[in-house]
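**Student:** Chain A is fixed; fit chain B onto it per the hints.
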Amino acid sequence: MPAARSSAPFAPRARFTFLLIAMASLLLVTLLFGVALGPVSLSVGEVFSVLASHATHGVTQPGDAIVWQVRAPRVLLGAVAGACLAATGVAVQALVRNALADPFLLGVSSGASVGASSVLLFGALAWLGSWALTAGAFLGGLAAMLAVFALARTGGRLPALRLVLSGTAMAYVFSAMTSLLIYLAPNAEGARTAIFWLLGSLGGASWQNLLIPAIAAVLGLGYLAVQAKALDALAMGDEAAGTLGVDVRAVRTGLYLVTALVTGAVVAAAGAIGFVGLMLPHLVRLLVGAGHRRVLPASALLGALFLVWTDVAARMVVAPEELPLGVITAVFGGPVFLFLLRRRSYAFGGVAS
Amino acid sequence: MSLLDARGLRYEVGGQAIVRDVSLAVARGEVVGLVGPNGSGKTTVLRSVFRALRPTGGAVWLAGEDLFSLPPKQVARRMSVVAQDSPMEFDFTVREVVTMGRFAHEGGGAQDAEACQRALDLVGLTELADRSVLTLSGGERQRALIARALAQNGELVVLDEPTNHLDIGYQHELMRLLTGLGMTAVAALHDLNLAAGYCDRIYVLRAGLVVAAGTPEQVLTEDLVEQVFGVRPHLVAHPASGRPQLLFPSKENP
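Residue numbers (the working numbering), protein chains in the order written: chain A, -2 to 350; chain B, 2 to 255.
Here chain A stands alone, though its shape is the one from the complex (with noise of 0.2 Å):
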């Protein structure tokens, strides 16, 4: 099929510009709305005028609370944690060259898992207060990020498949533990909580716990950018890389540990949402083509964009209850994405020519 492409991409550098300045205004205006839209909704003009009284006088008017308390860390986290899952999910494909990739094959989310679930149902580093979650996510999801790294390098090298299977065997090691803290969990409440963690939440969003993500998420995102032509190199596979010039032994290990403490910071403030690092990068690449200096930023604002609606829809579909996030950005994402992945030809791992 020679026209195979004829419709989208390799669009001519204004298209893609005015996508990435299309998608950032739709960024700003979905912030508003996610701080406007929940059980208790607000209009767009009363959150600006909370946002603006809490700039000026500090807290004055009744909406405070919620508005400036509540929704906006966590309409931020959501932008920040889908934002790096999907910029980290192109890196994690590009490192391993596999279309199945995502940020939680490097066994980060794993053993987030397990130190989550410890301080959840067994209080584990109590004496750490309000920090005791997040501290347990990401100290777990750092051994995880430490043991895959030491069991897939060889010779200063961190070859694909090696880092495929070891990161997969480490996260059934953990899953299995996690999976068994639950089941020994001393009451069934615990047990549920944990498993709402584990699925992702923003629900426990504060200004605080924003804080590490969205450092993160300067840095993490920073370093890919930097990176970005070197991930179309490696995306040919390592040897042509090292002929194009790239220090392949030093960029895989780079992105690795970044790409691994990004998703380790997000996990531990919003738990494991799944989908985003794995469907993002793909749709984006049906926008946008396959090149990095592009797929990248179309990436975290599109994760961005993704994750704050997702998340508006988990505290109003059944609310006042919540939805776990990783239950609705599979339900509503996944038969997105099919439904895409067939009308549009795309050809990642392989083509029927």
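These are calculated hints, taken from the structure and not from any lab test.
Cβ coordinates follow ideal geometry from the N, Cα and C atoms, glycine included.
Mixed in with the good hints, there may be bad ones.
According to the in silico footprint, chain B covers these stretches of chain A (three or more CB under 8 Å from chain B) [claimed, not checked]:
| hint | segment |
| --- | --- |
| 1 | 138 to 147 |
| 2 | 230 to 236 |
| 3 | 241 to 253 |
| 4 | 277 to 289 |
Which chain B residues face chain A? A few, computed with CB under 7 Å, are given here [said to hold, decoys possible]:
| hint | residue |
| --- | --- |
| 5 | A53 |
| 6 | P73 |
| 7 | A77 |
| 8 | F91 |
| 9 | F93 |
| 10 | M101 |
Far from chain B by the CB rule (all over 12 Å, computed), these chain A residues [what the hints assert, rightly or not]:
| hint | residue |
| --- | --- |
| 11 | A188 |
| 12 | L207 |
| 13 | G331 |
**Tutor:** Just chain B now, with coordinates in the frame of chain A:
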């Protein structure tokens, strides 16, 4: 001074020497062919030359500098590689793949775009520049990789069986391109007649050793080909160029 100088290359895997002792030199402007039966070590020698593997013994000098002490980008600016069977899984356009050849070059996008366009023109892929590489035929894909190597704009091109997926027309077009641009190239080739027709010098490898080296006339004798490949050809001079060409046995003439 040779542009590429490999001395005493040796490569062992699990106690088995795949390459035992290979030295080869490529002067500026020369097109050098590496021929030999399957498993003779051609690819291993080339992979040592482009640093995909580190030889167990010997040294490689590129323009007088120790190849293994140079930073990757510096090597990539001097030497480009067209490897065998490069995997393609991502939905890049042809132009994006060719642009990857500019990774090691600092400097402007305009300069990159110009180098890429020139490379696309040379291999005849300009019309397909915005197509996905996954929709290309094997030959077109190979030409995209050659364009990537040309865009890299190094002094030396290393090619591992570059004519593998090409039909006879493109095989000759590629060899004409290599020789016509005055490039320095070293290529592993399966087709002895292609090597005889286009290479300035030929190295013949067998079991990890160089068994003959020199101009096609010096190297490609009936005895040597029989000794190395186990099939005795009939040697003729090409009526137009005078270069040696080999005719192989047929049903009537076993």
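**Student:** All hints, please: hold or fail.
**Tutor:** To see whether the hints hold, each was checked on the structure:
no.: 1; hint: 138 to 147; in the structure: violated (count 0)
no.: 2; hint: 230 to 236; in the structure: holds (count 5)
no.: 3; hint: 241 to 253; in the structure: holds (count 5)
no.: 4; hint: 277 to 289; in the structure: holds (count 4)
no.: 5; hint: A53; in the structure: holds (5 Å)
no.: 6; hint: P73; in the structure: holds (5 Å)
no.: 7; hint: A77; in the structure: holds (3 Å)
no.: 8; hint: F91; in the structure: holds (4 Å)
no.: 9; hint: F93; in the structure: holds (5 Å)
no.: 10; hint: M101; in the structure: holds (5 Å)
no.: 11; hint: A188; in the structure: holds (41 Å)
no.: 12; hint: L207; in the structure: holds (34 Å)
no.: 13; hint: G331; in the structure: holds (21 Å)
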